[in-house]
Amino acid sequence: YHRNHLHITAGHKKGIDFYYGSKQHAQKMVDFLQCTVPCRSKTSQRLISHDIHSNTFNYKSTFSMEIVPVCKDSVVCLSPRLAQSLGNMGQVCVCTRVTSTIHLIDPSTLQIAEVDGNTYWRFPFNSLCIPRQLEEFIVMDIDMIREQKLGAGAGVRSNKHTLAEVWVQKTSEMNTSQQYHCRTFLGHLLNIGDLVLGFDFANSNVNDEYLNKMNPHHVPDVVLIKKSYDRSRRMKRRNWRLQEMDRDREGMDTDERQYQDFLEDLEEDEALRKNVNIYKDTSKIPVESDTDDDGAPRISLMEMLEELSLSDATGGEGADMLTE
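Numbering-wise, UniProt numbering puts 182 at position 182 of the sequence shown, and it's gapless, one number per residue.
None of these hints come from the bench; they were simulated from the model. You may find that some hints are simply not true.
[What the hints assert, rightly or not] EDC-like, lysine to aspartate or glutamate: derived pairs with alpha carbons at most 20 Å apart: (1) Lys-280 <-> Glu-268; (2) Lys-160 <-> Glu-268; (3) Lys-227 <-> Glu-135; (4) Lys-284 <-> Glu-303; (5) Lys-72 <-> Glu-264; (6) Lys-14 <-> Glu-256; (7) Lys-227 <-> Glu-268; (8) Lys-14 <-> Glu-66; (9) Lys-226 <-> Glu-136; (10) Lys-72 <-> Glu-173; (11) Lys-60 <-> Asp-31; (12) Lys-280 <-> Glu-264; (13) Lys-72 <-> Asp-116; (14) Lys-72 <-> Glu-267.
All chains should be built: construct the whole structure from the sequences, respecting the hints.
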């Protein structure tokens, strides 16, 4: 859908501008986004020129796509009405995935729900934190919750996660006795001594309409988001790569950090990488060591295509092998 673009630039309002030579190519990109993520669109056109002799008009068409401002691993606070309509789940939730719907989980009950685009625009909510605001904690103690009874009218619970009560301490506060207690949906992944990324509500100044109106006793001190692994070690043993588009870049440090976040998401989520072409990187020499294995998720060789060649990356003959 992006192959027919003429140019890509970073937008002026935290967006990306795609330029196409024909309206049909732009419409294909719009259709792709509408099928992939919750979004809404506006269309406008401006008269560029008019030939009075042939009575032809030349218009410049613009499609404005607004994508929901929620991404994977975001902490959100739902409105009371929306939380009730989703099966009386808690207002503070974690976004576990964004497809054509927003996938949410209540970290205190394992209750899950999906919010489509129409529902979101009727009851909008925002991310309470961005990835770089997450802090690293170490698990000091953990107790699994084997049975959890939900109230009347409750929705579906996740069978892919395990509910647990944990006591954690910030790695930046190891010289203190300060610990935090919370419930988490990561009980199946965590053990004592593991590192985990989370959002510290207790010491954060969050200005959110719905969160400010919540009973403070119902707001957790900490919400744990994902288990943390050594990034440099993961990069060193990563034996695959992706095809990238040419684009203007500003703030390369931020771009690289977000790109590494995306690569790690692919390693951790099999469903996410289902429609992504992943290529073997033969420049990486595989090194297997028991001491080097920290349990971080990996992509199997069976899921990789042959190494990405120069002609593939530049749109040459090999580009035909890429799926649309």
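Go through the numbered hints given earlier and state which of them the structure violates, listing their numbers in rising order.
-> 10
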